[in-house]
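So the chains spell out like this:
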Amino acid sequence: MNTDTQIGERPTMTRDVTAALAERANSLRHGPDERGRFGIFGGRFVAETLMPLILELEAAYEAAKADPEFRRDLDFHLKDYVGRPSPLWLARRLTAELGGARIYLKREELNHTGSHKLNNVMGQILLARRMGRTRIIAETGAGQHGVATATVCALFGLKCVIYMGATDVERQQPNVFRMRLLGAEVHAVQSGAGTLKDAMNDALRDWVANVHDTYYLIGTVAGPHPYPAMVRDFQCVIGDESRAQLQEAEGRLPDAVVASVGGGSNAMGIFHAFLDDPAVRLIGVEAAGRGLDSGEQAASISRGRPGVLHGNRTYLLQDDEGQITEAHSISAGLDYPGIGPEHSWLHEIGRAEYVGITDQEALDAFQLCTRTEGIIPALECAHALAHVAKIAPKMGQDDIILMNLSGRGDKDIFTVAKHLGVTL
Amino acid sequence: MSGAAKPGRRIAARFAELANPADGSGVGRGALIPFLEACDPDYETSLAILRGMPAAGADLIEIGVPFTDPMADGPTIQAAAKRGLRAGSTLSRVLEMVRRFREGDSTTPVVLMGYLNPIESYGAERFCTDAGAAGVDGLIVVDLPSEEADLLEAPAEAAGLDIIRLVAPTTTAERLGLVLRGASGFVYYVSIAGITGTRSASEADLAAALPKVRAATDMPVAIGFGIRTPAQAAGAVRVADAAVVASVLIETLASSLDADGRAGPDTVRLVLDQVAALADGVRSARRALISTEI
Numbered sequence: 001m002n003t004d005t006q007i008g009e010r011p012t013m014t015r016d017v018t019a020a021l022a023e024r025a026n027s028l029r030h031g032p033d034e035r036g037r038f039g040i041f042g043g044r045f046v047a048e049t050l051m052p053l054i055l056e057l058e059a060a061y062e063a064a065k066a067d068p069e070f071r072r073d074l075d076f077h078l079k080d081y082v083g084r085p086s087p088l089w090l091a092r093r094l095t096a097e098l099g100g101a102r103i104y105l106k107r108e109e110l111n112h113t114g115s116h117k118l119n120n121v122m123g124q125i126l127l128a129r130r131m132g133r134t135r136i137i138a139e140t141g142a143g144q145h146g147v148a149t150a151t152v153c154a155l156f157g158l159k160c161v162i163y164m165g166a167t168d169v170e171r172q173q174p175n176v177f178r179m180r181l182l183g184a185e186v187h188a189v190q191s192g193a194g195t196l197k198d199a200m201n202d203a204l205r206d207w208v209a210n211v212h213d214t215y216y217l218i219g220t221v222a223g224p225h226p227y228p229a230m231v232r233d234f235q236c237v238i239g240d241e242s243r244a245q246l247q248e249a250e251g252r253l254p255d256a257v258v259a260s261v262g263g264g265s266n267a268m269g270i271f272h273a274f275l276d277d278p279a280v281r282l283i284g285v286e287a288a289g290r291g292l293d294s295g296e297q298a299a300s301i302s303r304g305r306p307g308v309l310h311g312n313r314t315y316l317l318q319d320d321e322g323q324i325t326e327a328h329s330i331s332a333g334l335d336y337p338g339i340g341p342e343h344s345w346l347h348e349i350g351r352a353e354y355v356g357i358t359d360q361e362a363l364d365a366f367q368l369c370t371r372t373e374g375i376i377p378a379l380e381c382a383h384a385l386a387h388v389a390k391i392a393p394k395m396g397q398d399d400i401i402l403m404n405l406s407g408r409g410d411k412d413i414f415t416v417a418k419h420l421g422v423t424l
Numbered sequence: 001m002s003g004a005a006k007p008g009r010r011i012a013a014r015f016a017e018l019a020n021p022a023d024g025s026g027v028g029r030g031a032l033i034p035f036l037e038a039c040d041p042d043y044e045t046s047l048a049i050l051r052g053m054p055a056a057g058a059d060l061i062e063i064g065v066p067f068t069d070p071m072a073d074g075p076t077i078q079a080a081a082k083r084g085l086r087a088g089s090t091l092s093r094v095l096e097m098v099r100r101f102r103e104g105d106s107t108t109p110v111v112l113m114g115y116l117n118p119i120e121s122y123g124a125e126r127f128c129t130d131a132g133a134a135g136v137d138g139l140i141v142v143d144l145p146s147e148e149a150d151l152l153e154a155p156a157e158a159a160g161l162d163i164i165r166l167v168a169p170t171t172t173a174e175r176l177g178l179v180l181r182g183a184s185g186f187v188y189y190v191s192i193a194g195i196t197g198t199r200s201a202s203e204a205d206l207a208a209a210l211p212k213v214r215a216a217t218d219m220p221v222a223i224g225f226g227i228r229t230p231a232q233a234a235g236a237v238r239v240a241d242a243a244v245v246a247s248v249l250i251e252t253l254a255s256s257l258d259a260d261g262r263a264g265p266d267t268v269r270l271v272l273d274q275v276a277a278l279a280d281g282v283r284s285a286r287r288a289l290i291s292t293e294i
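Respectively, the protein sequence lines represent chains A and B.
For the first sequence, the positions run 1 to 424 when the numbering used here is used.
For the second sequence, the positions run 1 to 294 when the numbering used here is used.
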């Protein structure tokens, strides 16, 4: 059991500056460096046409961060539009069924639009408005980020164009319809396997061709600097709230924090508050698809190696020639051959662990959570639930697992029905 | 002034010879740089196109290295890359192609255009060494901006390869110095903010943009993206030193393929005929040598 000595302790005027600086140097929470790197990962690998834009974005974001008015505006929208703070729920029946550690679910699925995605989208849309951009583009996999983006574009009256792989358009029809209702133009991307990677390629191509009025609203902690850091900052609210809520409920830190990882924004959002607490295990759950060694998976860290794609250096699924290979997952939101660079770094320095969960295990956990807690989880976070189901029974009843329930599963019922052999 | 044409290298030699021809006329001309995607639609066909290009009027040649995720390319070159990969293109095969081209041509500069990941996977240092040995003269790595270029600069220099930098309409005057630092061979001016094969810059846009680039470097300047016709190629070399033509040649190649994507009997000839027509356009735009260019 961990005893939290950090909470409530704040730097004071009397504190030795040298000690404060040393502490900062020892912290894992201050990345990236000025080149946008976390260790060797991250960076800005984009064509020259985009370089001036991402430098402008970085400057605009730094200015916004330092502006109390921006913070106030964001807090207002997070509270009254997104619906924050989200509750922390002790999953009693799930805990009893698994017979081990107490399981707390961070209820990000209760946010407006049904996932954690709106935290980041709200931050970036306010930034885009500050920058005077009038046209918003975004990529989406499961459609959660696309729906969140289309939502804020409706809220602020901005033109919205969503790129979505043709395969994903097919398997996420409800979200496609939602985006169109919200006024977004949805482009089905035919190239590649028609999934998230291809959607991101086409969004980048759109941006390069429409630099004068367009803001590219990336949905995860990947892409060229400053996106990985900026998206993480906007998602950190998840971990910050969880930490305080758990402190109130249990008076201590969790023993393990578990989150699913595609690009990795919900995981970074909940991990970041705990990076400097070495006793807290951080576990990212990748999609093992039909099995880690089946050749059909989306586990970039477990089965990939470092490379450069979509503007950053990170772990990627690729062949011996450096060609990017197709990812597979039952969950469209995890179906991506890369991962955010900060995760690659946390993996390399051993601060976070990354494990794989198969399609079948996720389907089982999807049903388990629905049955025991009355919460239908998104297939993405069903992967995290499946890992929780594996480790909780091996932990003591005084141990605590904090899991990010990052999205609701209404969008997935058709996929799940199909796998269960049910015709709707 | 930033960047430099490196004497003793094929690219610098070719531009110098075109600007100030040995015939003593004092009337130089710009260069035509046609593009082909390696192994599109197959190794032998693309090698035949490559070998035929100098006689058809290519002054330098740009070879695209197929990559699964060519983010700066439009649908035409994306499709070419896909065909190239399906035909078994690898970096080793591309270098072998250049080596075979060099058996019959020791003067036409060859530039490889591609993305970073396959190069890193091959090993940046080993790649530069092997590329230099195969007869490659320069590299354009699309997703390697100046901010990240240090990882390729030393091995490229050691192998005698020019690093060709892209300058875009979005590149600010303040950035130009940084972008051109460490550049050599020539400067590639991306004439539109956009992807390949989509739209074209007007002559007025080009005439407005080029002086800014010229003011920042003494290196030759090539214009690429959106040049499709002999007249556009002529227009480009009236304000710059070279015209890069890519997508329209790929379209010609693609339209000659059979239903299964295999080369037709006329594939090589059709592409080379188009190169010849573009070369006529470029050669029609001869320019009197002005003193500052000597």
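A portion of the hints provided could be inaccurate.
Here are the simulated DMTMM-like pairs of lysine to aspartate or glutamate, each with C-alpha atoms no more than 20 Å apart in a straight line [as the list claims (entries may be wrong)]: (1) Lys79(A) <-> Asp213(A); (2) Lys65(A) <-> Glu321(A); (3) Lys82(B) <-> Asp320(A); (4) Lys159(A) <-> Glu97(A); (5) Lys390(A) <-> Asp410(A); (6) Lys82(B) <-> Asp319(A); (7) Lys82(B) <-> Glu321(A); (8) Lys394(A) <-> Asp410(A); (9) Lys394(A) <-> Asp213(A); (10) Lys82(B) <-> Glu326(A); (11) Lys212(B) <-> Glu174(B).
By construction, these hints were calculated from the structure, which means they are not laboratory data.
Structure-based check of all given hints:
no.	hint	verdict
1	Lys79(A) <-> Asp213(A)	29 Å, violated
2	Lys65(A) <-> Glu321(A)	41 Å, violated
3	Lys82(B) <-> Asp320(A)	17 Å, holds
4	Lys159(A) <-> Glu97(A)	48 Å, violated
5	Lys390(A) <-> Asp410(A)	24 Å, violated
6	Lys82(B) <-> Asp319(A)	15 Å, holds
7	Lys82(B) <-> Glu321(A)	14 Å, holds
8	Lys394(A) <-> Asp410(A)	31 Å, violated
9	Lys394(A) <-> Asp213(A)	54 Å, violated
10	Lys82(B) <-> Glu326(A)	14 Å, holds
11	Lys212(B) <-> Glu174(B)	11 Å, holds
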